[in-house]
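K.L.:
Each chain, written out:
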Amino acid sequence: MKLKEIAHSRTGDKGNVSVISVIAYDPADYALLEEKITAERVASWFGELVHGEVTRYEIPSIAALNFELKAALGGGVTRSLALDMHGKSLGSALLEMEV
Amino acid sequence: MRTIRIGSGAGYGGDRIEPAIDLIRRGDLDYIIFECLAERTVSIAQTRRRQNPELGYNDLFDYRFTRILDALVDLRAETKRAPRIVTNMGAANPTAAAKRCLAMARERDLTGLKIVCVTGDDKTDELDHYLGMTTIETGAPLSDIDGEVLSANGYIGCAGIVEALDRGADIVITGRVADPSLALGPLVHEFGWSMDDYTRLGRGTWVGHLLECAGQVCGGYFADPGHKEVPDLWNLGFPIIEVDEEGNGVITKLPGTGGLVSVATVQEQTLYEIQNPHTYFTPDVVADFSQVRIEQEAENRVKIHGADGAAPNGFFKTSVGYHDCFIGEGQISYGGENALAKAELARDVLEHRFEIIGLEAEEVRFDYIGFNSLYGDAISHAIRETSGPGVGAPIEIRLRVAARTKTAEMAHEVGREVEALYTNGPAGGGGATASVRDIISIASILIPSSDFTIGVELLEA
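If you're matching them up, the sequences are chains A and B in order. The numbering used here numbers the first residue of the first sequence as 696 and each following residue consecutively. The numbering used here numbers the first residue of the second sequence as 4 and each following residue consecutively.
I should point out that these hints are in silico values taken from the structure, not numbers from a laboratory. Note that the Cβ used here is the ideal one computed from N, Cα and C, for glycine as well. Don't take every hint at face value.
Stated by the list, open to error - Label-pair distances were calculated between CB atoms; the ranges are:
1. 779/A / 65/B: 37 to 43 Å
2. 436/B / 783/A: 19 to 25 Å
3. 750/A / 53/B: 37 to 43 Å
What the hints assert, rightly or not - No more than 27 Å apart at the CA atoms, straight line, and that leaves these computed lysine-lysine pairs for DSSO-like:
4. 783/A / 731/A
5. 320/B / 306/B
6. 765/A / 83/B
7. 697/A / 320/B
8. 709/A / 320/B
9. 83/B / 783/A
10. 783/A / 117/B
11. 731/A / 409/B
12. 783/A / 697/A
13. 699/A / 102/B
14. 409/B / 765/A
15. 709/A / 231/B
16. 699/A / 231/B
17. 731/A / 697/A
18. 765/A / 783/A
19. 83/B / 102/B
20. 117/B / 709/A
21. 699/A / 709/A
22. 765/A / 699/A
Unchecked claim - Covered by chain A, per the in silico footprint, the following chain B stretches (three or more residues, Cβ under 8 Å):
23. 141-147
24. 168-179
25. 424-435
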């Protein structure tokens, strides 16, 4: 099963940091997210795209995880050479990960 | 319990105006905020102010205020109450923006309209004192910056807005203010919250955070056909939050607008751009969204409660804008079953040509748009492998190359080489484009909040 079957996501940016939420459609699936979608797995999924640390924050009251990906935006929104300099599309890639 | 209705009229500098005017006319609002200032917008505006001291405010200021003030004229004629307006459209020059607004109000006979500008965020002229400070992004001293420094503006809190409203402002125009403070100011003013009531300030900051991107909490940046449906996205309404004295509230939008206010849209926007939900730093408070509750109360009505807060850290993050570099870019498309191979050949030609002409670049990046431009090769490959049939070989590919250079001349070489592929490259290359961008970047430092003197000035039409 892909993550997109049970969760949705939104991506934001702060300088060179990408912030990606993963939110369970059904709060009952939150425990599964917490178990399967670890910071390590997210870091390894994004691989060479992320050059810094990946941190996970848990917000059980809204069945959500929030990932902070450092050095993930090609030097930051202003000087990045990427087409998607904000990394807005990164959440869509995370949802393609197998759970 | 008494509630205050706050709407949001803009989520960024270039946002649509019609949903905002709809809110002003039909929203029965107490306040409407317009968040129009991205991190480096103020830096570009400083440059404009230096060229002309009467400018340096939002580019779309006249466009927006023509429509806003026209709506206020109509509301007066109908003896309906008008919302008070709070905006950071003053950018690098809130004083000049307020004067411009006054002139526009007088043209419309909006007699008695009170316009107040908030100043004190601008540290450009004092930057010499802070050159030894450490830059958050790099950890190096600010004085290490290579390019010309253009601006320094601190994210000030809601205090100036509160004072402006206390003095009766109908329209408050600020420069760099923390985005959520645009909504927190009216709440502190209305409910008389103390500036050390961190729980309520934290809640008001959540309200501001949900409003600051306008349509994004009402189904914008959300729809994903087959997974997340949004009705009439083309007619997206902007949000309203009804806030009670405790700082909790209900988020909704106007009837007759498209979009969606659901638990999911509010969840997504709650975490948007928030790094650690336990500690969201603003000049007013360190807000805590880690225990929030979000519940559907009715269709397009969502209850929000349970945010918290702690004392601010005593510093205002200050954005220093500087001339960083140039980015030269070119794109060209190839079609047919062999599209990718032709684009790869074009890339090979460009790599050789860049060597021959001696392109000096800090970094060069190639993308195949439609194939790997968003996620690179590894993830793109993994997604293709695990997706069902239908994800086949692309029949069109757009080659893109971008390079970061020190000079504009060098940046122009990039696009010129791409255009030269028309006659010198693989078969069937079409739609070449070339561009050069002058890049202003931001270095952030933390200046003690006590170094800032906030001022307000009242003008009356």
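K.L.:
Would you mind marking each hint as holding or not holding in the structure?
P.N.:
Status of each hint after checking the structure:
1. Between residue 779/A and residue 65/B, the C-beta spacing of about 32 Å breaks the proposed range 37 to 43 Å.
2. Look at residue 436/B against residue 783/A: about 21 Å separates their beta carbons, and that is inside 19 to 25 Å.
3. For the pair residue 750/A and residue 53/B, the beta carbons lie near 40 Å from each other, so the given range of 37 to 43 Å is met.
4. Of the pairs offered as hints, the one joining residue 783/A and residue 731/A holds, with about 23 Å between alpha carbons and a cut-off of 27 Å not exceeded.
5. Restraint check for residue 320/B and residue 306/B: not satisfied, since their Cα atoms lie roughly 31 Å apart, outside the 27 Å limit.
6. Simply put, residue 765/A and residue 83/B have alpha-carbon atoms about 50 Å apart, too far for the 27 Å limit, and the pair is violated.
7. As the CA atoms of residue 697/A and residue 320/B are separated by approximately 39 Å, the hinted pair breaks the 27 Å bound.
8. The hinted pair formed by residue 709/A and residue 320/B meets the criterion: a straight-line CA distance of about 13 Å does not exceed 27 Å.
9. In summary, the hint linking residue 83/B to residue 783/A is not supported, as the alpha carbons are separated by about 41 Å, beyond the 27 Å threshold.
10. Between residue 783/A and residue 117/B the CA atoms are separated by roughly 40 Å; this puts the pair beyond 27 Å, and the hint is violated.
11. Pair hint residue 731/A plus residue 409/B does not hold up; C-alpha atoms about 45 Å apart against a cutoff of 27 Å.
12. A distance of roughly 20 Å separates the Cα atoms of residue 783/A and residue 697/A; the hinted pair therefore holds under the 27 Å criterion.
13. Between residue 699/A and residue 102/B the alpha-carbon distance is near 51 Å, which puts this suggested pair outside the 27 Å criterion.
14. With a CA separation close to 26 Å, the supplied pair residue 409/B and residue 765/A stays within the 27 Å bound.
15. At roughly 26 Å between alpha-carbon atoms, residue 709/A and residue 231/B fall within 27 Å of each other, so this suggested pair holds.
16. Distance restraint check for residue 699/A and residue 231/B: the Cα-Cα separation of roughly 11 Å lies within the 27 Å cut-off, and the hinted pair is therefore satisfied.
17. Of the supplied pair hints, the one linking residue 731/A and residue 697/A holds, its CA atoms being roughly 12 Å apart against a limit of 27 Å.
18. Distance hint between residue 765/A and residue 783/A is fulfilled; the C-alpha atoms sit about 15 Å from each other, no more than 27 Å.
19. Between residue 83/B and residue 102/B, the direct Cα distance comes to roughly 26 Å. Compliance with the 27 Å bound is thereby established for this hinted pair.
20. Our distance criterion of 27 Å between C-alpha atoms is broken by residue 117/B and residue 709/A, whose separation comes to about 36 Å.
21. At most 27 Å may separate the alpha-carbon atoms for a hinted pair to count; residue 699/A and residue 709/A meet this at roughly 24 Å.
22. Taken as a hint, the residue 765/A and residue 699/A pair is honoured in the structure, with Cα atoms around 23 Å apart against an allowance of 27 Å.
23. Counting residues of the segment 141-147 of chain B whose CB lies closer than 8 Å to any CB of chain A gives 0, which falls below the minimum of 3, so the coverage claim is violated.
24. Under a criterion of three residues with beta carbons nearer than 8 Å to beta carbons of chain A, the stated coverage of the segment 168-179 of chain B fails, only 0 such residues being counted.
25. Interface restraint, the segment 424-435 of chain B with chain A: violated (0 residues with C-beta to C-beta distance below 8 Å; minimum three).
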